[in-house]
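Trainee: So you can see what is in the structure, the chains are spelled out below.
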Amino acid sequence: MNKIKILHMYADMLDLYGDSGNMEIISYRCKMRGIECSVDKYSVDSEMPDFSSYDLIYIGGGADLEQQHISDDLQKCKNGIENAYKNGSFLFLICGGYQLMGKFYRDADGNDIPGLGIFDYYTVAEPNRRKRCIGNIVVRTEFTGKTVDIVGFENHGGQTKDVKTPLGNVLYGHGNCTKSSHEGYFEKNVIATYMHGPCLSKNPEISDYIIEYCANHNNDAPVKLDKLDDELELKCRDIMKERLLNK
Amino acid sequence: MNRLLILIGKIVVAILRLFKRNAGNLPGIILWHLTGGKCCRMFKVDCPIIAVTGTNGKTSVTNCIAQLFEQSGKKIIINKEGNNLDTGICSLLLRYCDNSGKVNADYLILETDESHVPVVYSQLKLETLVVLNFFRDQLDRNGEMETLIRKINGFCETFEGNLLLNGDDPNTTRLGRANPNNKNVKYFHASPYAFATDKIFEASEGRFCPFCGEALNYDYYQYSHIGKFLCPKCGFGGHEPYITAENIDLEKPVFTADGHEYRPQLNSIYNIYNMTAVAGIAKLYGISSEIADNVISKYTVKNGRMETFMLGENKATLNLAKNPVGANMTLRVMNEMQGEKELLFVLNDNVADGLDVSWIWDINFSIFERVTRVVTSGTRAYDIAVRIKCSGYPAQNITVCPELDSAVEELAKTDGRKFVIANYTAVQPTRAALKRYIARLAHVSSFEMMSRQKGGKHE
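Taken in sequence, the protein lines are chains A and B.
Under our numbering, the letters of the first sequence match residues 1 to 247, in that order.
Under our numbering, the letters of the second sequence match residues 1 to 459, in that order.
Hints are supplied without guarantee of correctness; some may be wrong.
[As the list claims (entries may be wrong)] Label-pair distances were calculated between CB atoms; the ranges are: (1) B:PHE211 <-> A:GLY135: 33 to 39 Å; (2) A:ASN128 <-> B:ARG440: 51 to 57 Å; (3) B:GLY37 <-> A:PHE104: 34 to 40 Å; (4) B:TYR96 <-> A:SER181: 49 to 55 Å; (5) B:HIS33 <-> A:ALA108: 26 to 32 Å; (6) B:ARG95 <-> A:ALA108: 37 to 43 Å; (7) B:LYS125 <-> A:ASN128: 29 to 35 Å; (8) A:ASN169 <-> B:HIS33: 35 to 41 Å.
Hints in this document: simulated from the structure, not taken from any laboratory.
Don't be surprised by glycine CBs; every beta carbon is placed ideally from N, CA and C.
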């Protein structure tokens with residue numbers, strides 16, 4: 001099997017609520033299965049990488065200030081990221097990373113930060129800075145072919161609209177907009193979400209969906225993943241889900 | 001109107017006392033509603049107010065500053081129980097004011113929550129503000145850290161009093177530029193200690209110049225993003241120090257400042273920073289270095305900050321960690337110690353902890369050395385277990401015991417050196433559980449002794 005190549009973008013600036021932990025988890029789950037995986041970093045003013053050579057491109061979330069800092073630089077990567085996505089690289093995007101792949105992000109002062117426009121959705125920040133979508137969240141998903149309720153932690157002022165293919169339905173919490181019914185964005189090679197926590201810590205199905213996709217990307221023989229012992233992860237999620245849905 | 005409000009407040013305090021309840025926050029909350037959110041405005045405070053704020057170390061520094069003045073023979077009022085929001089400060093002043101709202105003291109020394117500095121001191125005249133540091137802490141309560149710093153910065157724009165800032169933290173140092181007309185901005189520093197590094201060790205914020213966006217250059221990092229920094233583009237960080245801790249030796253522990261030697265009790269670099277801030281206030285108010293020395297050398301805490309417990313023959317050190325910085329610090333202390341050890345990590349997610357626990361992913365567990373076993377507990381026992389497991393630590397050496405007493409039993413069942421890390425609301429219950437264990441042990445051993453004296457031939 002080929003090695004899984006990951007590009008982690010703006011790790012030094014977009015890293016809220018343990019977002020970088022997602023890379024630690026992917027690496028850990030690959031290592032436990034003997035799958036080789038490497039994580040390269042890209043940040044402002046790094047040399048322009050060959051985006052299409054990566055199986056997975058990952059962008060976390062940041063505060064408004066950091067998002068402004070990187071937005072010019074991100075524009076320089078537009079063609080590279082868009083081509084990689086079209087060539088089948090997986091995009092895993094959290095919060096700010098999610099927002100910036102849409103058409104634009106309008107901040108609380110009404111200024112537009114242009115997005116890469118790879119997807120049709122757009123985001124408008126809630127003008128009242130105090131009104132944020134904050135808290136634990138439960139989302140019912142079907143992307144693995146089975147019903148899986150995933151749990152994370154959201155904290156965003158941005159209201160993401162025009163999402164045609166959401167990741168799942170909100171059972172508890174806010175999702176794409178305040179009190180909305182949907183959360184995130186999904187395509188076969190895209191998972192975008194507001195979930196921090198980090199997102200993968202309690203949701204091994206998402207990790208394995210991404211790893212399996214990447215292992216099979218550019219690979220002739222189909223790869224099936226070995227099962228791991230996820231007792232701690234699943235108990236962790238069950239306890240939180242139970243607490244949120246039965247209170 | 002003022003008198004009526006004061007009267008209502010005092011009646012609430014009296015009623016709470018009658019029921020032997022501590023008048024912590026409630027009187028302030030009632031007055032907050034009656035005054036439309038301006039519950040500190042009705043007091044007449046003629047004496048100077050010194051406020052201490054920042055993410056870590058507020059309580060220690062506030063208590064030490066209070067002792068500086070007390071030992072100088074001054075009458076002071078201090079919010080000792082850490083009631084550091086506007087409502088808590090209002091409750092405190094209600095207890096000490098007369099019926100007209102006049103507060104009689106020489107100095108008010110107030111620990112103040114970061115987000116409440118502008119709220120409280122738009123109502124009460126502040127003479128001196130000490131800002132210790134800003135770390136990611138309870139982000140979900142305060143929104144984002146940048147918003148928090150901007151709030152305090154907004155307050156500093158018109159503040160002309162003394163501003164004593166941690167000059168090794170870019171997040172606090174930047175406040176010194178908020179009001180260019182303020183001639184009373186001062187910075188405290190610390191020279192590098194034995195474990196200072198030239199690379200950043202823990203995940204942190206504030207790596208970019210807040211004024212021009214350039215990456216900051218560091219001569220050294222003490223811990224997290226605290227260290228000697230300079231912006232290569234605009235010169236941010238090139239300020240003149242007011243007081244600097246030098247010749248730091250944590251083994252003893254000892255440091256010097258302005259040529260005077262101080263011997264604090266607690267041997268951590270963040271305590272050195274706190275005590276340097278205290279020495280800075282002594283200098284600012286002309287308090288003798290003898291008094292400062294007396295305060296600094298005696299100050300210690302028994303509230304789960306590097307507190308020691310004997311679990312039978314085995315020593316256990318408990319340390320509070322409200323954020324990655326505190327936890328990383330304990331891990332460093334563990335690593336700097338030879339021999340094998342075991343760790344109990346207690347993680348809660350009550351409201352006061354900030355409902356989110358993802359900060360545990362910014363703890364650098366990959367540095368674990370000679371840690372033979374981990375026990376996890378608290379309302380988020382599984383979260384911390386998953387986190388430690390994914391850092392590469394063997395899952396079979398992790399035991400999850402959400403209930404605290406069984407977690408302490410589990411920790412104590414083997415011989416060896418123990419460490420306990422607990423977050424904010426977990427610290428007191430963890431102390432209590434450790435004490436219960438010690439009490440049970442004493443009970444068992446006295447029972448054994450008695451049965452032996454009775455001729456106990458049980459073998």
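Trainee: Hint by hint, say whether it matches the structure.
Mentor: Hints versus structure:
no.	hint	verdict
1	B:PHE211 <-> A:GLY135: 33 to 39 Å	holds, 34 Å
2	A:ASN128 <-> B:ARG440: 51 to 57 Å	holds, 53 Å
3	B:GLY37 <-> A:PHE104: 34 to 40 Å	holds, 36 Å
4	B:TYR96 <-> A:SER181: 49 to 55 Å	holds, 53 Å
5	B:HIS33 <-> A:ALA108: 26 to 32 Å	holds, 28 Å
6	B:ARG95 <-> A:ALA108: 37 to 43 Å	holds, 40 Å
7	B:LYS125 <-> A:ASN128: 29 to 35 Å	holds, 30 Å
8	A:ASN169 <-> B:HIS33: 35 to 41 Å	holds, 39 Å
Going through the hint list in order, the structure satisfies each hint without exception.
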